[in-house]
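Listed below are the residues making up each chain.
Number of protein chains: 2
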Amino acid sequence: MRRLSRSMLFAASLFAAGALYGPEADAAERSDTSVKAVQKIVGGPGFKAAVKQLDADYDRTVADIVTLTEIPAPPFKEEQRAKAYLEMLKAVGLSDVEMDAEGNVMGVRAGTATKGKGPFVVIAAHLDTVFPEGTDVKVKREGTKLSAPGIGDDTRSLAVLLAYVRAMDAAKIRTKADILFVGNVGEEGPGDLRGVKHLFNQGKYKGRISAFFSMDGSDPSRIVDRGVGSKRYRVTFKGPGGHSYGAFGVVNPMTAMAQSVVDLYAVKPPADPKTTFSASVVGGGTSVNSIPNQIFLEFDMRSESAAELAKLDQTFIGILDKAVAGENAARSTKPGVVSYDAKVIGERPAGGTDPNATIVTATAAAISALGFKPEHEASSTDANLPMSLGIPAITIGAGGKGGRAHALDEWIDVEKGETLKGMQVGLAALLAVAGVE
Amino acid sequence: MRRLSRSMLFAASLFAAGALYGPEADAAERSDTSVKAVQKIVGGPGFKAAVKQLDADYDRTVADIVTLTEIPAPPFKEEQRAKAYLEMLKAVGLSDVEMDAEGNVMGVRAGTATKGKGPFVVIAAHLDTVFPEGTDVKVKREGTKLSAPGIGDDTRSLAVLLAYVRAMDAAKIRTKADILFVGNVGEEGPGDLRGVKHLFNQGKYKGRISAFFSMDGSDPSRIVDRGVGSKRYRVTFKGPGGHSYGAFGVVNPMTAMAQSVVDLYAVKPPADPKTTFSASVVGGGTSVNSIPNQIFLEFDMRSESAAELAKLDQTFIGILDKAVAGENAARSTKPGVVSYDAKVIGERPAGGTDPNATIVTATAAAISALGFKPEHEASSTDANLPMSLGIPAITIGAGGKGGRAHALDEWIDVEKGETLKGMQVGLAALLAVAGVE
Numbered sequence: 000m001r002r003l004s005r006s007m008l009f010a011a012s013l014f015a016a017g018a019l020y021g022p023e024a025d026a027a028e029r030s031d032t033s034v035k036a037v038q039k040i041v042g043g044p045g046f047k048a049a050v051k052q053l054d055a056d057y058d059r060t061v062a063d064i065v066t067l068t069e070i071p072a073p074p075f076k077e078e079q080r081a082k083a084y085l086e087m088l089k090a091v092g093l094s095d096v097e098m099d100a101e102g103n104v105m106g107v108r109a110g111t112a113t114k115g116k117g118p119f120v121v122i123a124a125h126l127d128t129v130f131p132e133g134t135d136v137k138v139k140r141e142g143t144k145l146s147a148p149g150i151g152d153d154t155r156s157l158a159v160l161l162a163y164v165r166a167m168d169a170a171k172i173r174t175k176a177d178i179l180f181v182g183n184v185g186e187e188g189p190g191d192l193r194g195v196k197h198l199f200n201q202g203k204y205k206g207r208i209s210a211f212f213s214m215d216g217s218d219p220s221r222i223v224d225r226g227v228g229s230k231r232y233r234v235t236f237k238g239p240g241g242h243s244y245g246a247f248g249v250v251n252p253m254t255a256m257a258q259s260v261v262d263l264y265a266v267k268p269p270a271d272p273k274t275t276f277s278a279s280v281v282g283g284g285t286s287v288n289s290i291p292n293q294i295f296l297e298f299d300m301r302s303e304s305a306a307e308l309a310k311l312d313q314t315f316i317g318i319l320d321k322a323v324a325g326e327n328a329a330r331s332t333k334p335g336v337v338s339y340d341a342k343v344i345g346e347r348p349a350g351g352t353d354p355n356a357t358i359v360t361a362t363a364a365a366i367s368a369l370g371f372k373p374e375h376e377a378s379s380t381d382a383n384l385p386m387s388l389g390i391p392a393i394t395i396g397a398g399g400k401g402g403r404a405h406a407l408d409e410w411i412d413v414e415k416g417e418t419l420k421g422m423q424v425g426l427a428a429l430l431a432v433a434g435v436e
Numbered sequence: 000m001r002r003l004s005r006s007m008l009f010a011a012s013l014f015a016a017g018a019l020y021g022p023e024a025d026a027a028e029r030s031d032t033s034v035k036a037v038q039k040i041v042g043g044p045g046f047k048a049a050v051k052q053l054d055a056d057y058d059r060t061v062a063d064i065v066t067l068t069e070i071p072a073p074p075f076k077e078e079q080r081a082k083a084y085l086e087m088l089k090a091v092g093l094s095d096v097e098m099d100a101e102g103n104v105m106g107v108r109a110g111t112a113t114k115g116k117g118p119f120v121v122i123a124a125h126l127d128t129v130f131p132e133g134t135d136v137k138v139k140r141e142g143t144k145l146s147a148p149g150i151g152d153d154t155r156s157l158a159v160l161l162a163y164v165r166a167m168d169a170a171k172i173r174t175k176a177d178i179l180f181v182g183n184v185g186e187e188g189p190g191d192l193r194g195v196k197h198l199f200n201q202g203k204y205k206g207r208i209s210a211f212f213s214m215d216g217s218d219p220s221r222i223v224d225r226g227v228g229s230k231r232y233r234v235t236f237k238g239p240g241g242h243s244y245g246a247f248g249v250v251n252p253m254t255a256m257a258q259s260v261v262d263l264y265a266v267k268p269p270a271d272p273k274t275t276f277s278a279s280v281v282g283g284g285t286s287v288n289s290i291p292n293q294i295f296l297e298f299d300m301r302s303e304s305a306a307e308l309a310k311l312d313q314t315f316i317g318i319l320d321k322a323v324a325g326e327n328a329a330r331s332t333k334p335g336v337v338s339y340d341a342k343v344i345g346e347r348p349a350g351g352t353d354p355n356a357t358i359v360t361a362t363a364a365a366i367s368a369l370g371f372k373p374e375h376e377a378s379s380t381d382a383n384l385p386m387s388l389g390i391p392a393i394t395i396g397a398g399g400k401g402g403r404a405h406a407l408d409e410w411i412d413v414e415k416g417e418t419l420k421g422m423q424v425g426l427a428a429l430l431a432v433a434g435v436e
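If you're matching them up, the sequences are chains Z and C in order.
Numbering of the first sequence is given in numbering that gives the first Met the number 0, commencing with residue 0 and proceeding in unit increments.
Numbering of the second sequence is given in numbering that gives the first Met the number 0, commencing with residue 0 and proceeding in unit increments.
Isolated chain Z (complex conformation):
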């Protein structure tokens, strides 16, 4: 993974902000400039025309939400939904519409300055849900409340992106920067950000993205500008096993596992930057009258700081080494030793976008301009990946109310007034960052 220094990060954020400011602007100036720029955009005739279009084809947006929600998209099985979304990207008239090797689908709306050659401002929503195959994804409607697994996380955002394209076209809005609209795979747990990892590290847009918006969830007040990094292990402790009575005194992988948990929980990670761990899932053993020959334990470690996460990771590996060595020293290894294998089952880089970066200040200004109060948060989303690369990135909401994400009774409210107001936040922020003629 490439890491940029703070000064490079700063330069990159200025680059993304190029449409708005010169490189000399300091933090206060940039914030002030963002507020003015956003107010100008939101108050202008183009934006008003775009909002009129969002209103006019709102039923189509809701229909798209339902259509997409009812196409199952479990982790690693997003293909059917991706294909449908690809057709929708084509239908709204984007250019260069394609599915990449990882399964992401995307299309370009060229800007006046870069004319489709990039760099690109990306706005992405993720195709995958947390729900396994066979989950009933039929949308239930009760008044303006729509319920179905995955409807708010993150299917509504996919439909909102399409609405933005239609609105910009209807309003004849020309941005300076090229915009890449993306429906990406692999945001949820097991996907481990595989979609954005491909987009930034392997795909044809690698090195050509200047700013990244992930639209994820509903709340329009939310700016996720810090990415909580995570590292997850499935550790398998192995030993020779044996009869609980006959082989008593032989090393037990259970003890090495237990010592690892006890020692990890004696670690005191910093509260700021917030750093956490969890011994989460455990299993193993053959019968009550047998010394087990295999025990697994899944561990989760997270931090807002890449350095703290790396430090915790190193401490953890030391704990595993010590626990296994201790067990091999404490009991007989005649029939075999205890060993461990630590398999990384998840790795999301920690990172953050400078709070003074344009993507943050412009989005905060857009949230305020539409009458909401900006809430800066740390979370683990697709934006983690570009953050870790020093590319200005945040995660924002699609607008409207919603709840019970990751639960079978997940819901969104599509009440038109509130939802339309929320939807304008993302559009205003996108236009501010991409720049308008």
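Misleading hints may appear alongside valid ones.
Copies of the same chain look alike in the list, so a pair counts if it fits in one copy or across any two.
Below, computed lysine to aspartate or glutamate pairings styled on DMTMM-like, alpha-carbon distance capped at 25 Å [what the hints assert, rightly or not]:
1. Lys237 - Asp262
2. Lys51 - Glu436
3. Lys82 - Glu132
4. Lys321 - Asp262
5. Lys171 - Asp320
6. Lys82 - Asp135
7. Lys139 - Glu374
8. Lys333 - Asp271
9. Lys137 - Asp95
10. Lys310 - Glu436
11. Lys333 - Glu376
12. Lys35 - Glu374
13. Lys89 - Glu28
14. Lys333 - Glu417
15. Lys114 - Asp99
16. Lys89 - Asp312
17. Lys171 - Asp191
18. Lys82 - Glu307
19. Lys342 - Asp58
Keep in mind the hints are simulated off the structure, nothing from the lab.
Got chain Z; can you put chain C on it based on the hints?
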């Protein structure tokens, strides 16, 4: 559970030996008397006629082994095999053939002294196997080697008991004591000795059994005269759970479980009487990014000494209390505390039969008389239960070779010469303890 003092136990063992000796006989005398009595039995015309019958209907014994092995008898699901065995007990002409409330099947061969009124010398084999429903129990034959799950543990013994009845009848052997032939349920792990517990503590033979042979496994040299006691727990640690990142700092039942394992493995139990423990099977947790709300761990503790087992048990409960209290003190209990529930999933009393008791000395003499070398062992078998009640009890082998008990490739060798010689051990010991006219 009733526990007898050592003097009561001694009295009981003398009572069982009543057919052979007066109560004044000391240990050396009794051993010497046993040797002479067994030699007299084995050298007599009755025993020779019985052996001739064992030889003559040996093929029938092997056929019975196959028939019974191919009727599945998982723990708690012995009924089909029990019913078949009940019919076999009837067919060999025993009286009072019945199935008791627990599912044991049994029949009486009345003696000349007690005429079916008891007390009874019991010889039992267990009906159950360790194998779950659906296991392929078809017997595979390769020369004299028969393979199938459960064939040696303990199905051959069931067939050998039937052969004894036929042999005694053919040889017109009249014993002084009544003999109760039993096919009992619940010897293996989860059955937790439920068959013999019922026989000795609830059934109609309660208080009427003077000596107990369990025939279990093959080795004819083996005298299990010490019963390894065991206590098994399934401990469930519970806590409030929560998001691994959002709820970090909240108590984790995983840690309480782990501390319990670490503390238990710091205990140094005595090597003599052999005392052991095992943390054997573990499971729990919902996902890698959640603090678990429930973890279970199965523990096995064993000892040749009831006192040491009780002491270890008490230590263990103290460890659980301390581990849970420690976790509740170490982390936040705001959303709820960690607690534990220790469910006893197995309890086999420890015990032993006086090495000078007639059942031991007579069996040792029988083993020697047939050309084997007696091996005194400690184990956990159906004999544990009568031992714990002070009733003279041992476990012996059915004769013949065998191996891989509790494995799918379990096997016995039915080579006639070796097997017939081994089969005579149990018959000679039974006749010595029951007394012959």
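### Message
Please sort Lys82 with Glu307 into within, between, both or neither, judging by C-alpha distance up to 25 Å.
### Response
Neither way: Lys82 and Glu307 sit 40 Å apart in one copy and 67 Å across, limit 25 Å.
### Task
Could you place Lys333 and Glu417 in one of the four classes (within, between, both, neither) given a Cα distance threshold of 25 Å?
neither (69 Å within a copy, 35 Å between copies)
### Message
As a check of your reading, is Lys139 near Glu374 (CA-CA no more than 25 Å) within one copy, between copies, both or neither?
### Response
This pair counts as neither: shortest intra-copy Cα distance 31 Å, inter-copy 72 Å.
### Intra- versus inter-copy proximity for Glu132 and Lys82 (alpha-carbon distance at most 25 Å)
Cα proximity of Lys82 and Glu132: one copy only (17 Å, versus 46 Å across).
### Message
Checking an output row: Lys137 and Asp95, CA cutoff 25 Å. Within, between, both or neither?
### Response
neither (32 Å within a copy, 65 Å between copies)
### Task
At 25 Å max between alpha carbons, let me know whether Lys51 reaches Glu436 within a copy, between copies, both or neither.
within (19 Å within a copy, 112 Å between copies)
### Query
For the identical chains here, do Lys333 and Glu376 meet the 25 Å Cα criterion within one copy, between copies, both, or neither?
between (53 Å within a copy, 23 Å between copies)
### Task
Indicate which option fits the pair Lys171, Asp191 if close means a Cα-Cα distance not exceeding 25 Å: within, between, both or neither.
Neither. Shortest intra-copy (38 Å) and inter-copy (80 Å) distances fail the 25 Å Cα cut-off.
#### Entry: Intra/inter-copy verdict for Lys342 and Asp58 if alpha-carbon distance must be at most 25 Å
neither (47 Å within a copy, 57 Å between copies)
### Query
Taking 25 Å as the upper bound on the Cα-Cα distance, should Lys82 and Asp135 be classified as within, between, both, or neither?
within (20 Å within a copy, 47 Å between copies)
#### Entry: Alpha-carbon proximity context of Lys310 and Glu436, limit 25 Å
neither (47 Å within a copy, 84 Å between copies)
### Task
Could you place Lys333 and Asp271 in one of the four classes (within, between, both, neither) given a Cα distance threshold of 25 Å?
between (47 Å within a copy, 21 Å between copies)
Hint compliance for this structure: hints 5, 7, 9, 10, 13, 14, 16, 17, 18 and 19 are broken, all remaining hints hold.
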